[in-house]
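Trainee: Protein chains in written order, with full-length UniProt numbering: chain A, 1 to 213; chain B, 1 to 213.
Hints in this document: simulated from the structure, not taken from any laboratory.
A portion of the hints provided could be inaccurate.
What the hints assert, rightly or not - PhoX-like, lysine-lysine: derived pairs with alpha carbons at most 25 angstroms apart:
| id | chain 1 | residue 1 | chain 2 | residue 2 |
| --- | --- | --- | --- | --- |
| 1 | B | 133 | A | 128 |
| 2 | B | 165 | B | 203 |
| 3 | A | 166 | A | 128 |
| 4 | A | 166 | B | 133 |
| 5 | A | 133 | B | 165 |
Residues per chain are reported as follows:
Protein chains: 2
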Amino acid sequence: MEWTDRQQRIVEIVKDSGSITGEKIAAKLDLTRATLRPDLTILTMFGVLEARPRVGYSYRENTRPSPIMERLLQLRVCSYKSMPVTILESASIYEATVAMFTQNVGSLTVVGLDRLLVGMISRKDIMKASLGKIDLQQVPVGVIMTRMPNIYMTTPDEPVYSAAKKLVQHQVDSLPVVEGYVDENGDECYEVVGRFTKTNVTKLFVEIAEARL
Amino acid sequence: MEWTDRQQRIVEIVKDSGSITGEKIAAKLDLTRATLRPDLTILTMFGVLEARPRVGYSYRENTRPSPIMERLLQLRVCSYKSMPVTILESASIYEATVAMFTQNVGSLTVVGLDRLLVGMISRKDIMKASLGKIDLQQVPVGVIMTRMPNIYMTTPDEPVYSAAKKLVQHQVDSLPVVEGYVDENGDECYEVVGRFTKTNVTKLFVEIAEARL
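Turn these sequences into a full structure, and let the hints guide you.
Mentor: Right, dumping it as structure tokens:
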């Protein structure tokens, strides 16, 4: 298992103490109880710590791996992605805005005439443009989009948890799902086959939780 | 356990067949293999079905509940929410846009002078406004926001999975986390104590998955 530094320190403290309350762990780490709560929940959830009312936390020697969690790591983007919603680089910002409304998406994958990935445009990009004095009907998407190679992408075969981590780490709401190849000129090309979003992850989370109700 | 109608039909088909391939299940339900894949994954993940290469799916009589999944259902919004980001109803749309940028959030909780919840404003609302010919510096947030009582909310004590379900069902990116009370006039009042977003769910999903690596 791969715990965060803070989770490892918590485990060390509990091991050393035999049994200790959450408040005391927090005091030792110079943190509030509220800050620690998610770490304690995760450690308890995975059976590393045991929580008993009024007694506190203790360390559990033997933690069995859960088959459900093993399978969770094997879920692939291809099974949970959404259909791609693309727009041409030459379309206006106004057209992109309308497309986001009609398709009810928070970002569009921008493609060239050959339908290959050239960039991404988000609600945030459009809001930024609307703060300025530019004419949304005249300026093409290509001017304000985030352009390749500064795009975070995923592939159909990537595990869901790893794609979800990209969403969190890079603070984006959506990743284009691509199939890449090298063309006759030696250039990397990316065909857009879907999009993977925080909505997909949230839906999967609910599905998993509900199946246990 | 509470399975969807389609998942229940899949289980019936597999029970009746003894052993059956994914393609044949799909044919019986008049669906593509790709459409069925998430259901088959969930059913396999929870040990209801067993998948064997080249043989297909079979039904498993005894499925043990997983302690990890039980604990997943007990996680509360209070442990995973973010700090609230609020704006006054009288602020301009322009100010709201700037606040979204500086705070790096996709929506703001709109409050009255008494700091109680009156509405929500999202990037989508602002994009819609910018399509029109209105002056973003002159029009107040209150004109374009979604107003109470049409706001989906959560509370610190709500289970995470249930708040996540609200995000999916109502197609919103963020819920205000509120503490409600009835004032001396008998009106329901909501104090804003946080926000709960698809980002919070995605982070939790990654945390759970990573803890098993």
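Trainee: Please go over all the hints and tell whether each is borne out by the structure.
Mentor: So, going through the hints one by one against the coordinates:
1. 133/B / 128/A: holds, 17 angstroms
2. 165/B / 203/B: holds, 16 angstroms
3. 166/A / 128/A: holds, 23 angstroms
4. 166/A / 133/B: violated, 37 angstroms
5. 133/A / 165/B: violated, 39 angstroms
When held up to the earlier numbered hints, the structure conflicts with 4, 5 and fits the remainder.
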